[in-house]
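**Q** What follows is the residue order along each chain.
Protein chains: 4
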Amino acid sequence: MRSRIPTGILGATGLVGQRFIQLLDNHPWFEVVALTGSYRSVGKPYGEACRWVLDTPMPDWARNQIIQPSDPGTVTPARLVLSALPSQQARDLEPLFAQANLTVCSNASAFRQEADVPLLLPEVNPEHTALIGYQQKLRGWDGCIVTNPNCTSTGLTVALKALHDSIGVVRVFAVSLQALSGAGYPGVPSADIIDNVIPFIEGEEEKVELEPRKMLGKLHGSEVSPAPITISAHTNRVPVIDGHVVCASVELSHLVTKQEAAEIFREYQTPEISRCLPSALPLPIIVMDESDRPQPRRDRMLGRGMATVVGRLRPDPLFHLKFTVLSHNTIRGAAGGSIYNAELLVQQELLQ
Amino acid sequence: MRSRIPTGILGATGLVGQRFIQLLDNHPWFEVVALTGSYRSVGKPYGEACRWVLDTPMPDWARNQIIQPSDPGTVTPARLVLSALPSQQARDLEPLFAQANLTVCSNASAFRQEADVPLLLPEVNPEHTALIGYQQKLRGWDGCIVTNPNCTSTGLTVALKALHDSIGVVRVFAVSLQALSGAGYPGVPSADIIDNVIPFIEGEEEKVELEPRKMLGKLHGSEVSPAPITISAHTNRVPVIDGHVVCASVELSHLVTKQEAAEIFREYQTPEISRCLPSALPLPIIVMDESDRPQPRRDRMLGRGMATVVGRLRPDPLFHLKFTVLSHNTIRGAAGGSIYNAELLVQQELLQ
Amino acid sequence: MRSRIPTGILGATGLVGQRFIQLLDNHPWFEVVALTGSYRSVGKPYGEACRWVLDTPMPDWARNQIIQPSDPGTVTPARLVLSALPSQQARDLEPLFAQANLTVCSNASAFRQEADVPLLLPEVNPEHTALIGYQQKLRGWDGCIVTNPNCTSTGLTVALKALHDSIGVVRVFAVSLQALSGAGYPGVPSADIIDNVIPFIEGEEEKVELEPRKMLGKLHGSEVSPAPITISAHTNRVPVIDGHVVCASVELSHLVTKQEAAEIFREYQTPEISRCLPSALPLPIIVMDESDRPQPRRDRMLGRGMATVVGRLRPDPLFHLKFTVLSHNTIRGAAGGSIYNAELLVQQELLQ
Amino acid sequence: MRSRIPTGILGATGLVGQRFIQLLDNHPWFEVVALTGSYRSVGKPYGEACRWVLDTPMPDWARNQIIQPSDPGTVTPARLVLSALPSQQARDLEPLFAQANLTVCSNASAFRQEADVPLLLPEVNPEHTALIGYQQKLRGWDGCIVTNPNCTSTGLTVALKALHDSIGVVRVFAVSLQALSGAGYPGVPSADIIDNVIPFIEGEEEKVELEPRKMLGKLHGSEVSPAPITISAHTNRVPVIDGHVVCASVELSHLVTKQEAAEIFREYQTPEISRCLPSALPLPIIVMDESDRPQPRRDRMLGRGMATVVGRLRPDPLFHLKFTVLSHNTIRGAAGGSIYNAELLVQQELLQ
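Protein chains in written order, with my numbering: chain A, 1 to 352; chain B, 1 to 352; chain C, 1 to 352; chain D, 1 to 352.
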C-alpha cells in the first residue's frame with residue numbers, strides 16, 4: 001500500500017469543512033494533516049473551535065488538531081488542499097497555495113469560470129484536467145486550482161451529460177428545491193423556513209445557467225468551448241436538511257420515449273479513467289421507477305451520497321422530456337465532489 | 001337589506017368544507033342552512049362529526065347543525081349549494097342538485113372540462129357564465145353547475161390573464177411548490193414530508209396544463225375556444241401548511257422589461273361586473289419588489305387570502321419573462337373561489 | 001379623547017421590537033415617536049434597517065422613521081419607552097432613561113430580580129407597582145423601570161396565580177416546549193431544528209424557577225417576599241414558530257378534582273384595576289376541554305395572543321394536578337406584556 | 001455456523017414491520033421465512049403490498065415474499081414470530097401462535113401487564129424470562145409470549161435501572177417529546193404537526209407510569225412484584241421523524257452529584273447473559289457532556305439505534321436529579337427491542 005497523500009482542509013470548521021472531515025475518515029489515499037480556519041478559530045483544537053452539526057460523531061483524529069491560519073506555510077507537509085473557503089477568501093487565498101506547489105481542489109465559485117481552470121465532474125469531463133498545464137504555464141504556478149461546480153449544477157449536469165452524449169441537449173428549464181445545508185451554517189434562520197419556502201437564492205440561478213455549459217463543453221487545446229445549450233433556472237429554498245431536487249424540462253435534438261431516456265440514464269457509464277476511484281460509482285445515475293421518487297430524505301444517501309438520482313421521466317408538452325433529479329448537495333455537490341476531483345488527479349498522475 | 005340566500009355546503013366536514021364555513025361566517029349574501037357529509041357523519045351535529053383543523057374557532061352557528069346526506073331533498077330551502085365533494089361523488093351527485101333547480105358552485109374537478117360548464121375566475125372570465133343558459137337547455141336542468149379551477153391553476157391563470165390581455169402569452173413553464181392543505185385532511189402523512197419534498201401530485205400536472213387554457217379562452221356563442229397557449233407543468237408537494245407557489249417562465253408575443261411587466265400586473269383590474277363583490281379585490285394582483293418574496297407563510301393572507309401575489313420578475317434566457325406566483329390554495333384556490341363565483345352569479349342575476 | 005402618550009421603542013429592529021410596532025399600530029393610548037437600534041441601523045429609515053419577519057405588513061408610519069441611537073436624548077418627546085434591548089444593553093442603558101424622567105417598560109431580564117423593580121403581570125400582581133415609589137427614592141430617578149417576566153414564566157404564572165389564590169400552590173414541575181421566536185432573529189439555525197428538538201435554552205430554567213415566585217409573592221411595604229413555592233423546570237426548543245407550551249404538575253395545599261380546577265381557571269378574573277385596559281382580557285384564562293389541546297399553531301392567537309390557554313386537566317400520581325399551558329411568547333410573553341404593563345401604569349396614574 | 005432460526009413477522013407491512021425487515025437483513029441468528037399482513041395485503045408480494053417508508057432500500061429477499069394471513073398455519077416452518085400487530089389483534093392472535101408451539105416476541109401492548117408474561121429489556125431484567133415456564137403451565141401452551149415495553153418507557157427504564165441498582169429510585173417525573181414514527185404510518189397528518197406540538201398521545205401516559213415499575217420489579221418465583229416507584233408522565237408529540245426524548249426529574253434514596261450520576265450511567269453494564277448478543281451494547285447508556293445534547297436527529301443512531309443516550313445531568317430543586325434521555329423509538333423502542341428479546345431467549349436456550 002502506498003502511503004497516503006498529506007492533505008489540508010481550508011475552512012475546516014464550516015459545514016462543507018465538516019463534510020470533508022467526515023468523508024476523509026479512513027480515506028485510502030488522503031490523510032488529513034492540517035485544518036485551517038478563521039482568526040477566531042486559529043490556535044484552538046478542532047473539537048473546540050468547531051460546532052459539529054453532522055449526524056455521525058466527529059472523528060477522534062480531528063478533535064485535537066490545532067486550527068491553523070489559511071496560509072500555505074501552515075499546512076506543511078500537505079501536497080493537496082481541499083478548499084471550503086467562502087468565495088471571496090478563495091479568490092484571495094487559493095492562488096497562494098497553487099503558487100506554493102500545492103494542488104487546490106476547491107468547492108468555491110471564485111475560479112470556476114476562469115478559462116484555464118477546470119470545472120470538473122469526474123463522471124462528466126475528466127479530460128478537462130488538461131487545462132492544468134496551461135494554467136500553470138500562464139500563471140507561473142507549480143501547483144494548480146481545480147474546481148467542482150455549484151451543488152445545484154452537479155446532479156443536473158450529470159443527467160444532462162448522459163442525454164447530451166447520446167442525443168444532444170438544446171434547451172433546458174430547471175427549477176430547484178434546495179436543501180438548507182446549501183446555505184452553510186448557521187445559514188437559513190428557522191424563523192424564515194418552517195412552514196415556508198424562499199423563492200430566491202443569491203447568485204444561484206446565474207451559476208445553474210452557466211456552469212453546466214462549461215462542463216459539457218468541448219476541450220480544444222487550451223480552451224473549453226461551452227456547449228451550445230441554453231438553460232433557464234429558478235432556484236428555491238425549501239425546509240429540507242440535505243439533498244437538492246431539480247425539476248427539468250429538456251429539449252433534445254430529437255424526441256425519445258421515456259423508456260429510451262431511462263435506458264440512456266441507466267446505461268451511462270462513468271468515463272474509464274474515473275470509474276474505479278474510491279468515490280466513484282461506475283454507473284453514476286440511478287433511475288427510480290416509482291411515481292413519487294426521488295425524494296430528498298429517502299434517496300439522498302443512495303450510492304453513499306454520490307449518486308445522481310433521476311425519476312419521473314415523462315414527455316414534455318413544450319420540449320421533449322421532463323424529469324426530476326436529486327443529488328446530495330454537501331456530499332456529491334460539495335465536499336465529496338472536491339475529493340472525487342482530487343482522486344481523479346491522482347489517477348491521472350497530476351497529483352502524487 | 002335584502003335577505004340572505006339560503007345555502008348548503010356539500011362535503012362540509014373536510015378541509016375545504018371547513019373553509020366554506022369559516023368564510024361564510026357573517027357573509028352578507030349567503031346564509032348556511034344545510035351541511036352535508038358522508039354516511040359516517042350523517043345525523044351527527046357538525047361540532048361532533050367534524051375534526052376542525054383551522055386556526056380560528058368553529059363558528060357557533062355551525063356547531064349544532066345536523067349533518068345531512070348529500071341529497072337535494074335534504075338541503076331545503078337552499079337555493080345555492082357550494083360543493084367540496086370529492087371528484088367522483090361530485091360527478092354522481094352534483095347533477096341531481098342542478099336538476100332540482102339548485103345552483104351548484106363546485107370546487108370539484110368533475111365537470112371543469114365539460115364544454116357547457118363554466119370554469120370560472122371572476123377576475124378573469126366572468127363572461128363565461130353565458131354557458132349556463134346552454135347548459136340548462138342541453139341538459140334540461142333548472143339549476144346549473146359552475147366550477148372553479150384547481151388550486152394551482154388559480155393564481156397562475158390570474159397572472160397569465162394580465163399578460164395575455166396586454167401582450168399575448170404563447171408558452172408557459174410552470175413548476176409548483178404546493179402546500180399540504182391541497183391534499184385535504186388527513187392528507188399527506190407527516191412521515192412523508194418532514195425534511196422532505198414529494199415531486200409528484202396525482203393528476204395535478206394535467207390540470208395545470210389544461211385549465212388555464214379554457215379560462216383564458218374566448219367565448220363564441222355556446223362555446224369556449226381554448227386559448228392557444230402551451231403549458232408544461234411540474235408539480236411538487238412541500239412542507240408548507242397553506243399557500244401554493246408557482247415558478248413560471250413565459251413566452252410572450254413580444255419582449256417586455258420587468259418594469260413593464262410589473263406595471264401590467266399592478267394595473268390589471270378585476271372586470272367591472274366582478275369588482276365590487278364581497279370577495280373581490282379591485283386590483284387582484286399584488287406585486288412584491290423584495291428579492292425573496294412572495295413567501296407562503298408571510299404572504300398567503302394578503303387580500304384576506306384572495307390575492308394573487310407576484311414577485312421575482314426578471315428576464316428569462318429561453319422565453320421572455322420569469323416570475324413567481326403565490327396564491328392561497330384553500331381560500332382563493334378553493335372555498336373562497338367557489339363563493340366568489342356564487343357572488344358573481346348573484347351580481348349577474350343568475351342566482352336569486 | 002385625550003392625546004396619546006409619545007412612546008419610544010428601544011431595540012426596534014429585532015423580533016420583539018417588530019411585535020411592539022405591530023401591536024402599537026392604532027393603539028388608543030400610545031403613539032410611537034422614536035425607534036432606536038444598534039449602530040449598524042442608526043440613521044437609516046426603519047423600512048430599510050429592519051428585516052421585517054412578521055406575517056402582517058410593516059405599518060406605513062414605521063417605514064420612514066429614522067432609527068436613533070438608544071439614548072434618552074434621541075427619543076424626545078417620548079415619556080414612555082418600551083424596551084426590547086438585549087439583557088446586557090438593558091442593564092447599561094435602561095437606567096439612563098429612568099434617570100431622564102422616562103418610564104421604561106422592559107422586556108429584558110436585566111432588572112427583573114432587583115428588589116425595587118416590579119416584575120409585573122397585570123392579571124396577577126398589579127399592586128407590585130407600589131415598588132416604583134421606593135425605586136425612585138432609592139435610585140434618585142424621576143422615571144422608573146418596570147419589567148415583565150420571561151416568556152415561559154408568563155403563562156405558567158397566570159395559571160398558578162388562579163390556583164394559588166383559591167387553594168395554594170406548594171410545588172411545581174414545569175417542562176417547556178418552546179417556540180423558535182423566543183430566540184429572536186436570526187435565532188435558531190434551521191439546520192439545528194428541522195426534524196429535531198434542542199433540550200436546552202441558556203439561562204431559561206433558572207428564570208422559570210425564580211420569576212413566578214416573585215410575581216406570586218406578597219408586597220410588604222417596600223418589599224416583595226417571594227411566594228413559598230418550589231419550582232423545577234426543564235426547558236426545550238421545538239420546531240414551532242410561535243407559542244410556548246408548558247407541561248405542569250402541581251402540588252396544592254389540598255386535592256381538587258379536575259372539574260374544580262377547570263372552574264378555578266375559568267372563573268379567575270383579571271384584578272379590577274387591570275380589567276378594562278386595551279390589552280386586557282377580563283377572564284385571562286381559557287380552558288379547553290378537547291383532549292389534545294391547547295396546540296401552539298391552533299390556539300396561540302386566542303384572545304388576540306393575550307390569553308393563557310389551559311388544557312389537559314387531570315390528576316397527578318405524585319402531586320395533585322397535571323395540566324398543559326400555552327401562551328403566545330412574543331405577544332403575551334414579550335411585547336404585548338410590556339405594553340399591557342404600560343397601560344396599567346397609565347391606569348394607576350403612574351404614567352401620564 | 002448453526003443454521004438460522006426460521007422467523008415470521010406478524011404485521012410486516014406497517015412501520016414497525018418494516019423496521020423488523022430492515023434490522024433482520026443479514027441477521028446472524030434469524031432468517032425471515034414468512035410475512036403476514038391484513039386481508040388487503042394477503043396474497044400480494046411484499047414489494048407491492050408495502051408502502052416502504054424507511055430511508056434504506058427494501059431488502060431484495062423481502063420484495064417477492066407473498067403476504068400471508070396472520071395465522072399459525074401460514075408461517076410454517078417459523079419457530080419464532082416477531083409481532084408488530086396492533087394491540088387488539090395481538091390480543092386475539094398472538095395466543096394462537098403461542099399455543100401452536102411458536103415463540104412470540106411482541107411489540108404490542110396487549111399482554112405486557114399480564115402477570116405471567118415477561119415485559120423484557122435484556123439490559124434490565126433478563127431474569128424475568130423465568131415467567132415463561134409458569135406461563136406455559138398456566139395456559140397450557142407449548143410456545144410463549146414475551147413482550148417489550150412501549151417505546152417511551154424503554155429508554156427511561158434503562159436509565160432508571162442504572163440509578164435504581166446503585167442508589168434506589170423513589171419518584172419520577174417524566175415528560176416526553178415523542179417522534180412521529182411512534183404513531184405508525186400514515187400516523188399523524190402533516191396538517192396537525194408542522195409548526196405545532198400535540199400535547200396528548202392516547203394511552204401513552206398510563207403506559208409510562210406503569211411499565212417501568214414491572215421491569216424494575218423483583219422476581220419472586222412465579223411473580224414479579226413491581227418496584228415501589230411512583231411515576232408521573234406527560235406525553236407530547238413533536239415534529240421529529242424518529243427518536244423519543246424524555247425529560248426526567250428523579251427522587252433517589254439519597255443525593256448524588258451530577259458527576260456521580262454520570263459515572264453510574266456510564267458504568268452500568270448490560271447483564272452478562274445479554275451482553276454479547278448480536279443486538280447488544282455492552283455499555284448500554286451513552287452519556288453526553290455537551291450542554292445541548294442529546295438531540296433526536298443527531299444522536300438517535302448512536303449504538304446503531306440501540307443506545308440509551310443520557311445528557312443534561314444537573315441537580316433538581318424538588319427531587320434530586322434532572323436529566324434528558326433519548327432512545328430510538330422504532331429501533332431500540334420497538335422492532336430492535338423485540339429482536340433483542342428473541343436473541344436473549346436463544347441465549348437462554350428458551351428458543352432453539
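Don't read these hints as lab results, they were simulated from the structure. All of these numbers come straight from a predicted model, not from anything done at the bench. Mixed in with the good hints there might be a few duds.
For identical chains, the list gives no copy identity; a pair is met inside one copy or between any two copies.
[To be verified] Here are the simulated DSS-like cross-link-like pairs (lysine-lysine), alpha carbons at most 30 angstroms apart as the crow flies:
no. : residue 1 : residue 2
1   : LYS218    : LYS258
2   : LYS258    : LYS137
3   : LYS258    : LYS207
4   : LYS137    : LYS44
5   : LYS44     : LYS258
6   : LYS44     : LYS207
7   : LYS207    : LYS137
8   : LYS44     : LYS218
9   : LYS137    : LYS218
10  : LYS207    : LYS218
**Q** Decide, hint by hint, whether the structure agrees.
**A** Okay, the hints, checked on the actual structure:
1. Taking identical chains as interchangeable, the C-alpha atoms of LYS218 and LYS258 lie at most 30 angstroms apart only when both belong to the same chain, with a minimum of 27 angstroms there against 35 angstroms between chains.
2. Taking CA atoms no more than 30 angstroms apart as the test, LYS258 paired with LYS137 passes in neither setting, with 46 angstroms inside one copy and 45 angstroms between copies.
3. Taking CA atoms no more than 30 angstroms apart as the test, LYS258 paired with LYS207 passes in both settings, with 28 angstroms inside one copy and 21 angstroms between copies.
4. Proximity of LYS137 and LYS44 under a CA criterion of 30 angstroms is satisfied in neither setting, with 38 angstroms inside one chain copy and 50 angstroms between copies.
5. Taking the closest pair of Cα atoms, LYS44 and LYS258 come within 30 angstroms of each other only across two copies (28 angstroms); inside a single copy the shortest separation is 55 angstroms, beyond that limit.
6. In this assembly of identical chains, LYS44 and LYS207 lie within 30 angstroms of each other by CA distance neither inside one copy nor across copies; the values are 35 angstroms within and 33 angstroms between.
7. Proximity of LYS207 to LYS137 under the C-alpha cut-off of 30 angstroms is restricted to the intra-copy arrangement: shortest distance 27 angstroms within a copy versus 58 angstroms between copies.
8. Taking the closest pair of Cα atoms, LYS44 and LYS218 never come within 30 angstroms of each other, the shortest separation being 46 angstroms inside a single copy and 51 angstroms across copies.
9. In this assembly of identical chains, LYS137 and LYS218 lie within 30 angstroms of each other by CA distance solely inside one copy; the values are 21 angstroms within and 66 angstroms between copies.
10. Taking identical chains as interchangeable, the C-alpha atoms of LYS207 and LYS218 lie at most 30 angstroms apart only when both belong to the same chain, with a minimum of 19 angstroms there against 41 angstroms between chains.
Consistency with the previously given hints fails for numbers 2, 4, 6, 8, ordered from lowest to highest.
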